[in-house]
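*Asks:* Numbering-wise, the sequence shown is residues 1 to 363 according to our numbering.
Honestly, the hints are just simulated from the structure, not real lab data. Just so you know, these numbers come straight off a predicted model, no measurement behind them. Do not take every clue at face value.
Claimed, not checked - Pairs of lysine to any residue residues, derived as SDA-like cross-links and limited to a Cα-Cα distance of at most 20 Å, are as follows:
(1) 220 x 155
(2) 355 x 338
(3) 174 x 260
(4) 31 x 326
(5) 362 x 155
(6) 206 x 155
(7) 235 x 220
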Amino acid sequence: MKYNLTILMLTSLTLDSFKNHVNRVFSWGEKNILTGPNGSGKTNILEAIYLFVNGIPAPERVFLQLVPTDSGILSIGGEFLKNNLPYNGRIGYTKEEGKVHFLSQESVITRTRHLELLPIRAVLFSPMEMNILYLGPSLRRDFLDEALLLAYPEFGKIKREYHLALKNRNSLLKQIREGTSTRETLSLWDTLFIERAKSYYFYREKLTRFIKEHFSSIEKLLEGKYTLVFEYITKTNLENIESSMMQYLQENKERDIMTGHTYIGPHLDDFQCIISGNIPSQTYLSRGENKTILIGLKYILIEFIENTSKKETILLLDDLFSELDFEHIESIVVHAGNRQLFITTQNIPNFLIDKREYILYKV
């Protein structure tokens, strides 16, 4: 999906009060490079863009972490240009109240309405993502779920309800173990837990199916040397979620009670990239080749977000020069195409220095 950035782009960002930035205004172009020493707040600016565009904090962040310690108030605003017409929005949050407020043209609106009005989504490339094949499965699950949060505004509620049902079931398991509740009460919570899991899987399956259909496109990034397959790892039979989960919970009831934990569901699933039929890529390929796979996978997620939400994306590249060589960075930039781009770095690579379309900001 291509578009003309003279018609659609984030043109300005106002940080009245956001982390270490106070009363700052930025005017943006199509391609933007933010440079400065560590601790200057480059990443914070990308996190502000992410929050304003997506209505939620960046991964691994919560609202309290974004509020300046001396003010207790978060306030950011931005302007988009769509079909040569400006759109103004604002997001506010206070520690004392603990609520998020969205404004459109100075009128109070919901987050859902905020996302409907904004013509784009923001996708963040972080250094940690380039290593998730070597790290814990929770990071890989979050990698998938972030795409779902950006593609489906309602998915956040689905995920929260699932984790609440999981928490309640685990709490009941502990009560049964301690003798303060009975085994008979567990069936009701099992049913609710499975219902919530089924809703969660409804979205996860949409994404994993899309990835599997497009995963072979990454092969050309590796010069056709390998055959690639995306493998989603789960204990659940996704063709018969309810019966397979219920059977598993019943068969493992005593273990669950003894440990106080639930060992099936989307909160434990994982994925891996398979080469040559049955070899996990992280055990055979070089780190550089695995990063190439993750870059390709990230662009598949971007395509999924754009196709599903019917919104365009802007790309936020946070300090990737510290994690990737220039060849990989150039691959990301080339694949960005006409999308609006924001890059943070301490040192500008040579291949970007002479590109006139890039606007340089010293933070």
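*Asks:* If a hint holds in the structure, say so; if it does not, say that too.
*Replies:* Taking the hints in turn, this is what the structure says about them:
Distance check on the hinted pair: residue 220 and residue 155 sit about 32 Å apart at the alpha-carbon level, beyond 20 Å; violated. Among the hinted pairs, residue 355 with residue 338 is consistent with the structure: their alpha-carbon atoms are about 15 Å apart, no more than 20 Å. The suggested pairing of residue 174 with residue 260 holds, with an alpha-carbon distance near 5 Å, which does not exceed 20 Å. A distance of roughly 17 Å separates the Cα atoms of residue 31 and residue 326; the hinted pair therefore holds under the 20 Å criterion.
Our distance criterion of 20 Å between C-alpha atoms is broken by residue 362 and residue 155, whose separation comes to about 37 Å. Between residue 206 and residue 155, the direct Cα distance comes to roughly 12 Å. Compliance with the 20 Å bound is thereby established for this hinted pair. With a CA separation close to 32 Å, the supplied pair residue 235 and residue 220 exceeds the 20 Å bound.
Violated hints, in rising order: 1, 5, 7; the structure is consistent with all others.
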